[in-house]
Amino acid sequence: MLHIVNKSPFEKNSLETCLRLSSAGSSILLIEDGVYGALAGGEMAGTIRDALADRTVCVLGPDLLARGIDPGRLIDGVEIVDYAAFVKLAVEQPKVQSWL
Amino acid sequence: MSEEFTSGTVKKFLYVNRRAPHGSNYAQEGLEVALIGAAFEQDVAMAYLDDGVFQLKSGQDTGKIGTKNFSATYRALGDYDVKRVYVERESLERRGLSQEDLMPLVYKDEDDDWEEKPLIHVVSAEEMRRIIDESDVILNF
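Listed in order, the protein sequences are those of chains A and B. For what it's worth, our numbering labels the leading residue of the first sequence as 1, then goes sequentially. For what it's worth, our numbering labels the leading residue of the second sequence as 1, then goes sequentially.
If you are wondering where the hints come from, they were derived from the structure by calculation, not from laboratory data. No residue lacks a Cβ here, since even glycine has one placed at the ideal position from N, Cα and C. There may be inaccurate statements among the hints.
Below, a list of computed lysine-lysine pairs in the DSS-like style, where the Cα atoms sit at most 30 Å apart [to be verified]:
(1) B/K11 x A/K88
(2) B/K57 x B/K108
(3) B/K117 x B/K68
(4) A/K95 x B/K11
One side of the interface only, derived from the structure: several residues of chain A facing chain B at Cβ under 10 Å [claimed, not checked]:
(5) M1
(6) S8
(7) T47
(8) K95
(9) L100
Working from the sequences, and respecting the hints, build out all of it.
Structural data, given as structure tokens:
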């Protein structure tokens, strides 16, 4: 399953709940304000590192760029994807859950 | 798409509710959409997570805030053949609530001489993960 989070974890608990309730093998994609969750020094970093043990975590590159976040600031292991890869992820996964 | 609607396929719908009931319209609309889905004989399950667990709190009274008290409508879930209402235990506990604080929703089991059975199942995060994975369509409110 592809889990999409588009809200900042500092504003809403969508990312926290997504990380708690996503299964091993699933993919988590952070878009829009969701990309702030992937900052290495942020509060969610520990939980995201735990998730990386059995899930993939991606952020949408254009949304990082728009927010001035350098890829070097991200948690190690988080992948940066472009729009084409976003589409590919959505097509490859049989189901999508968008955490509002 | 038209084939999906004409082939009589029953899909497993999961309505994920994560917001408290009276500060926004999400809760009421989530409930109404779920009841509509159930009326069209889809397999409907409800999940209450995070502040969504407050929707099921017993004793809600909106008399003095001038809005409709739709909490009584949750009792209709059983009548619409919704038999699976899941509440995440961790969300309840983090808010100082337990199952005893929730409305005692029931459904009448047609396979068991119409005996009234509890509708609400308090489940662990582990069980909730499985419920999400096993549903075909997820709608968020």
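Hint by hint, here is what the structure shows:
At most 30 Å may separate the alpha-carbon atoms for a hinted pair to count; B/K11 and A/K88 meet this at roughly 24 Å. Proposed proximity of B/K57 and B/K108 is supported: the alpha carbons are some 21 Å apart, at most 30 Å. The suggested pairing of B/K117 with B/K68 holds, with an alpha-carbon distance near 27 Å, which does not exceed 30 Å. Annotation: proposed proximity of A/K95 to B/K11 holds, straight-line Cα distance about 13 Å (limit 30 Å).
Taking 10 Å as the C-beta cut-off, the interface hint given for A/M1 holds, the closest approach to chain B being about 6 Å. Evaluation of the A/S8 hint against chain B yields a violated restraint, the C-beta minimum of about 16 Å exceeding 10 Å. The closest approach between the C-beta of A/T47 and any C-beta of chain B is roughly 13 Å, which is over the 10 Å cut-off, so the hint fails. Interface hint at A/K95: satisfied, since its Cβ lies 7 Å from the closest Cβ of chain B, which is below the 10 Å cut-off.
A cut of 10 Å between beta carbons decides the hint on A/L100: the least distance to chain B is about 5 Å, and the hint holds.
In this structure, the earlier hints numbered 6, 7 are contradicted, and the remaining ones agree with it.
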